[in-house]
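Asks: Chain order of the listed sequences is A and B. 1 is the number of the first residue of the first sequence in the working numbering; add one for each residue after it. 1 is the number of the first residue of the second sequence in the working numbering; add one for each residue after it.
Where hints are given, some of them may not hold.
Have a look at the derived ranges for each label pair, beta carbon to beta carbon [what the hints assert, rightly or not]:
1) E348(B) <-> F223(A): 39 to 49 Å
2) R89(A) <-> A246(B): 39 to 49 Å
3) W228(A) <-> A66(B): 43 to 53 Å
Stretch by stretch, here's where chain A covers chain B in the computed footprint (C-beta under 8 Å, at least three residues) [as the list claims (entries may be wrong)]:
4) 100 to 109
5) 151 to 158
6) 218 to 230
7) 338 to 351
Taking lysine-lysine pairs in the DSBU-like style, the calculated list, with each CA pair at most 30 Å apart, reads [stated by the list, open to error]:
8) K136(B) <-> K269(A)
9) K199(B) <-> K93(A)
10) K269(A) <-> K93(B)
11) K136(B) <-> K90(B)
12) K93(A) <-> K352(B)
13) K93(A) <-> K201(B)
14) K93(A) <-> K272(B)
15) K337(B) <-> K269(A)
16) K61(B) <-> K158(B)
17) K313(B) <-> K269(A)
18) K93(B) <-> K93(A)
19) K272(B) <-> K93(B)
Calculated from the structure, these hints are not laboratory results. Beta carbons: idealized from backbone N, C-alpha and C, even for Gly.
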Amino acid sequence: MPAIWCWINTMRKTMQGKAWHKYLLSLPPMVYLLIFFAAPTLIMLFASFRYAGEYGGLAPWYLHEEGRLTLDLTLENWQRLLGTDIYLRLFLKSVGYAVMTTLICMVMGYPLALTIARSDRKSRDLLLLLVILPFWSNFLVRIYAWMIIFSPVGALTRMLNGLLDLVGGGPVTLMYSPTAMIICLVYVHLPFMVLPLYANLEKHDLDLLDAAQDLGAGKWRRFWLITWPLSLPGITAGSILVFIPVLGMFAIPDLLGGTNGIMIGNVIKQQFMESRDWPFGSVLSIVLTVTAVAVVLLGARLGQGRGGRG
Amino acid sequence: MRKILVVLMLFLASPVFAGEELHMFNWNDYISEEVVADFEKRCNCKVVQDYYSGTEEMMAKLLAGASGYDLVIPTQNAVQALIQQGFLEKLDKSALTNLKNQDPGFLNRSYDPGNVYSLPYAYTTTLIGFNEQRLKEQGIEPASWALIFDPRILEKIKGKVTVMDDADELFGAALKYLGYSVNDVDEQHLREAQAVIIKAKPYWAAFNSSSYIKELTVGNIWVAHGYSSDMVQARNDALAAKRDFAVNFILPREGAVLALDNMVIPKTAKNKKLALQFIDFLMDGKNAAGLSNDVGAGNPNSAALPFINPELKKLTAIFPDQKVLATLETLEATNAKVRRLKNMLWTELKLK
């Protein structure tokens, strides 16, 4: 998905700069995206109008009847999407999880990124290393580690319930709950918020803050009037990098989600696996892709509209 | 743990061996490693194993064009679908000296009349595993599917129950609970089953087909809907870990799903001769017994019976007698329309 973000930026810049060499430079990524993004999307779009094969895959899109070739396409996959509200509810739920995760990542990531950006060079490298450290172990292994932490007989849950018991609260279950899902979603995606934010904050001209202080602006005033607006492009980039993968996430709801933790990604996966219903899977994927592109476009506009060097 | 295992095995399975290789695609935890090692020694070859944890996962992979597997172990409904797709090689029976060992009761089934393409490998039932002590404390006597579907019972074990994250299996159980066949595709009946599931769902902790063995043995979960071979493993693991409780399992009296797994050779196999040799090797009584002793699966091989742990043989949930067998049903292959209906009902109930 970050690739689309780059692509849109490249497109925008190509349109503005008339120089042909810029066009030439952007050619390899364009060709790459054409083959690995545009073409599959078109194939998916075509598949969404076809019938599912009896045992999976796709049924032939044309029929030989009395020596004549007839098209065998249908709108029923799209009708299925619109004929009930369950898929709309599913989308809203997934968007809800994605918005929630993005907001928490933002609230948690901003102070972190700011601290790293303002610390001295030596500790900065160490702190950055610590942020990317989790990437060194496999995503699934980390989720399984969380499953052990959340488990009802695990130390965390027992300690929490022990404390709750002291203050007279009832026991809680962490495993298989929306809370567990959000914690893991935030945990996995936090670096994607911190890194672009850091990249932005690190480049701020600190003289601006000094000038503001000389003119009598307090700590908060300086933050809201200078740092915050300047960091908007970083926030936008970070939010997009968090929002989009969370929207299509299926592994975390599968493993931690409990009986209600289903997201659009799970249902898409079901279409290609359990139901072997490629056409409907294509329909859902297209809706997801369109949503993602819309979010990126919106983000690009926001990042462009408000000033700052990103 | 299954998902992790699958991922790990995918990495570990990269070939480094120079001799002949047999690529096998099997259910996870569904072969005796000892038997595999014996075969490798005997044929001076290497058995490269790849695992799957659900029929649909395997079908999706094979139908999406995965090739290079010499031997696949699919369940009967998948065999039926693979035959209809023209995916399977006919088995050369003349090369199989141990064919006579197969129990005739498991041969010549409707999914492959005359066993042209497939031979039975092992079987499991889908049943309920439970924590003996915890249920006793609650005064619950497990006997029926009511244990996972009846809110009056579930009230006492709320949040301690998981069911399989598999539409066919869960609908199958709910249909049996209602007195219908597991293969019932009548929309009205499926909707009734959906209603049963929706009513029970608030009391369940999760839909889980991947880690219920662990959850049961650790004691997080007290009741789990899953495969009999997994429950045998959970029982043994709990024993080995010296827990203060025992894991046990029961085949609900209403009946359940019987999964008959088979050995088949895909047309795209590279080493058909070696695959056939391995099939013959696995049908040898002593080797076939490994599947029951090490894995806890039921055995369709008559010559294996004398080698099987007598305690295991006594369990009707693993080795059903004629009376129990009459209540068990195998899942049939479903067409696109039925799959679509089931998935719609499934998505609906998951959102409720």
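Asks: Would you mind marking each hint as holding or not holding in the structure?
Replies: Here is what the structure says about each hint:
One distance hint, 39 to 49 Å for the beta-carbon pair E348(B) and F223(A), holds here, with the actual separation near 48 Å. Judged by the Cβ atoms, the range 39 to 49 Å given for R89(A) and A246(B) holds: they are separated by roughly 42 Å. Take W228(A) and A66(B): their Cβ atoms lie about 51 Å apart, and the range 43 to 53 Å holds. By the rule of at least three residues with a Cβ nearer than 8 Å to a Cβ of chain A, the coverage given for the segment 100 to 109 of chain B is violated, with 0 such residues.
Evaluation of the coverage hint for the segment 151 to 158 of chain B: breached, as 0 residues show C-beta separations to chain A shorter than 8 Å, against a requirement of three. Under the rule that three or more residues need a Cβ within less than 8 Å of chain A, the assignment of the segment 218 to 230 of chain B holds, with 3 such residues. Three residues within the 8 Å Cβ limit are the bar, and the segment 338 to 351 of chain B against chain A gives 10, so the coverage statement holds. Among the hinted pairs, K136(B) with K269(A) is inconsistent with the structure: their alpha-carbon atoms are about 39 Å apart, more than 30 Å.
Note on K199(B) and K93(A): the hinted pairing holds, with a Cα-Cα distance of about 21 Å set against a maximum of 30 Å. Of the pairs offered as hints, the one joining K269(A) and K93(B) is violated, with about 39 Å between alpha carbons and a cut-off of 30 Å exceeded. Taken as a hint, the K136(B) and K90(B) pair is broken in the structure, with Cα atoms around 51 Å apart against an allowance of 30 Å. A hinted pair counts as satisfied when its Cα atoms are at most 30 Å apart, and K93(A) with K352(B) qualifies at roughly 12 Å.
For a cut-off of 30 Å, the pair hint linking K93(A) to K201(B) stands: about 19 Å separates their Cα positions. At roughly 49 Å between alpha-carbon atoms, K93(A) and K272(B) are farther apart than 30 Å, so this suggested pair is violated. A C-alpha spacing of about 18 Å is found between K337(B) and K269(A), which places the hinted pair at or below 30 Å, so the restraint holds. Among the hinted pairs, K61(B) with K158(B) is inconsistent with the structure: their alpha-carbon atoms are about 36 Å apart, more than 30 Å.
Taking the CA atoms of K313(B) and K269(A), the gap is about 39 Å. The hint is violated against a cut of 30 Å. Between K93(B) and K93(A) the CA atoms are separated by roughly 55 Å; this puts the pair beyond 30 Å, and the hint is violated. A distance of roughly 13 Å separates the Cα atoms of K272(B) and K93(B); the hinted pair therefore holds under the 30 Å criterion.
Checked against the numbered hints above, the structure breaks hints 4, 5, 8, 10, 11, 14, 16, 17 and 18 and satisfies the rest.
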